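Chains W and P are the protein sequences, given in the same order. Once you know that position 114 of the first sequence is 114 in the UniProt record's numbering, the rest is easy, because the numbers rise by one and skip nothing. Once you know that position 105 of the second sequence is 105 in the UniProt record's numbering, the rest is easy, because the numbers rise by one and skip nothing.
Certain hints may be false.
[Said to hold, decoys possible] In silico EDC-like cross-links for lysine to aspartate or glutamate, where the CA-CA straight-line distance does not exceed 16 Å:
id : chain 1 : residue 1 : chain 2 : residue 2
1  : W       : Lys138    : P       : Asp28
2  : W       : Lys131    : P       : Asp32
3  : W       : Lys138    : P       : Glu231
4  : W       : Lys131    : P       : Asp18
5  : W       : Lys74     : W       : Asp46
6  : W       : Lys132    : P       : Asp32
7  : P       : Lys91     : W       : Glu168
8  : W       : Lys131    : W       : Glu168
9  : W       : Lys132    : P       : Asp151
10 : W       : Lys131    : P       : Glu231
11 : W       : Lys67     : W       : Asp135
12 : W       : Lys138    : P       : Asp32
13 : W       : Lys74     : W       : Asp99
14 : W       : Lys74     : W       : Glu101
15 : W       : Lys74     : W       : Glu96
16 : W       : Lys132    : P       : Glu21
17 : P       : Lys206    : P       : Glu190
What the hints contain is simulated information worked out from the structure, not anything from laboratory work. Treat the numbers as computed from the prediction; the structure is a model and nothing was measured.
Read off the chains here:
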Amino acid sequence: MAAPESGDGNNGAARMVTLISSDNTRFEVEAAAASLSQTLQLTILDGGGGGGDGIPLPNVDSATLSKVLEYCIKHAPAAANGGAPNATAVDRAELERFDNEFVNIDQSVLYSLIMAAHNLEIEGLQSLVAKKVADMIKGKSPMEIRRTLGFPDPTPEEQAEMNAHMLEYGWAYE
Amino acid sequence: MSSPPASPAAAQPILPDDVLEDIFLRLDGAADLARLYAACSNFRRVISGPRFLRRFRFLHPPPVLGFLDFFRRNSGNGVFRPAQPPHRSAKGALALAQAADFNFSFLPDPGSWRVRDARDGRVLVSRGTSMTACTAEVGVGFTAEKLVVCDPLHRRFVQIPSIPSDLAVSAGYCGTEEFRPFFDPIRQDEEESSVRVICIVQSKSKVGTFVYSSVTGNWRYATSLDIEAYEWLRLPKLMRRHYAHSCFYWADFYWKQMLVLDTQRWNFLSSTYHLKSRGNTKPLWTSRHL
């Protein structure tokens, strides 16, 4: 958590805020990292979340929040540099490696992340997880898509619909 | 990754529609979307939403599947020329050729229509009186011409009202002049279902533009150009029409002149170009507003 000072603060130590998960775990993070969330940004700009107060997040459990914050802490320096115009290729490659590794996770965790990114409006994370799910279903048949996403087996009616679709849209099936 | 889900509740999370859209927008193209459409009724609902389809097409411009060849005057209907292998759209093109009806047998009195334009899966056809010399009688000619926009794949059509005679008269036409209707492409920020048709009407002294919009349901007279000073414009029907950046272009290579219709400002522009073949100079354009 001892992220190096990126030099954007005027007075020494970076400002910290506290986020409280749905199961009442408290997370103390740099305001810059938490501000990647559009939802939290205004509260933090207004001076909220500091000291003993903390910002409650009733929709995010501690496991998910810790994962979300891992992302935010990693991406905060680049975001603070305004999309990092002076970032080196090495920095960017490192972030990309981190992102790829970050979404290489169990499906249930991925879904929790999708919802958290959506609720907290963390743009980069939203597109990262959306891309991950899209990559999982690209090129797959309707049945494979259902299985990949953990849907129950189709009812006979659904199966019949799928077969009819396959006949009608043969061009979409290799 | 492929381990079976632990509990049914975790297995089928209900993702909000905008999250699903966000995911689906990142797919590769129409084939992925079609298979996803078949996978689940909830996906089907999201995918068929007009807002989603507009966003998807913005990111994934529909591939060209083929051309409707309707240049031959006496062939009546157009002939669809599908993309051939190894073009990556060849499969979809073949499916379209088999599924669509390019004889327009879904139109009333099918043999009587003439294809005038085709764009974005729509075909503009017309039926009317033959061209005659300009007479004082209003009611024959382009103001009596029936225009229909049809979708040969879904076998649907919409009739567009004829250009009102009084509008033609007030613009200085008698209604029997040379008439060329074509589509004005729908722009990205517009409703996909909307239609705009441009009619270029030419008399001895001028070229005029009537525009129909399905949003207003009306024709209006947009702009005109006095052509008496332009010898090269007297036979514009010999010139082919081009479209780029919201402008239509008719170029005459013999006269080295070009007529431009700007559909943002709705005005004509006349342009002279000099093709310099020697050296590596680029074509030089001079233009002036009319």
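Mind checking the alpha carbons of Lys91(P) and Glu168(W) for me, to see if they're no more than 16 Å apart?
OK: Lys91(P) and Glu168(W) at ~13 Å, within 16 Å.
Would the hint linking Lys74(W) and Glu96(W) be met if the CA-CA limit is 16 Å?
Since the Cα atoms of Lys74(W) and Glu96(W) sit roughly 11 Å apart, the hinted pair holds (cutoff 16 Å).
Taking 16 Å as the top limit, are the C-alpha atoms of Lys132(W) and Asp151(P) close enough?
Violated, at about 37 Å.
Holds or violated: Lys74(W) to Asp46(W), with C-alpha atoms at most 16 Å apart
24 Å, violated
Would the pair Lys67(W) and Asp135(W) pass a check requiring their Cα atoms to be no farther apart than 16 Å?
21 Å, violated
Verify the proposed pairing of Lys74(W) with Asp99(W), using a straight-line Cα cut of 16 Å.
10 Å, holds
Under the criterion that the straight-line Cα-Cα distance not exceed 16 Å, is the pair Lys131(W), Asp18(P) satisfied?
14 Å, holds
Next pair to validate is Lys74(W) with Glu101(W); report whether the Cα-Cα distance is within 16 Å.
13 Å, holds
Keeping to a limit of 16 Å between CA atoms, is the pair of Lys138(W) and Asp28(P) held or broken?
It holds: about 7 Å lies between the C-alpha atoms, which stays within 16 Å.
Does Lys138(W) pair with Asp32(P) here, judged by a C-alpha cut-off of 16 Å?
It holds: about 6 Å lies between the C-alpha atoms, which stays within 16 Å.
Measure nothing beyond the straight line between the CA atoms of Lys131(W) and Asp32(P); if it is 16 Å or shorter, mark the hint as holding.
14 Å, holds
Verify the proposed pairing of Lys132(W) with Glu21(P), using a straight-line Cα cut of 16 Å.
14 Å, holds
The structure is inconsistent with the numbered hints 3, 5, 8, 9, 10, 11, 17, although it conforms to all the rest.
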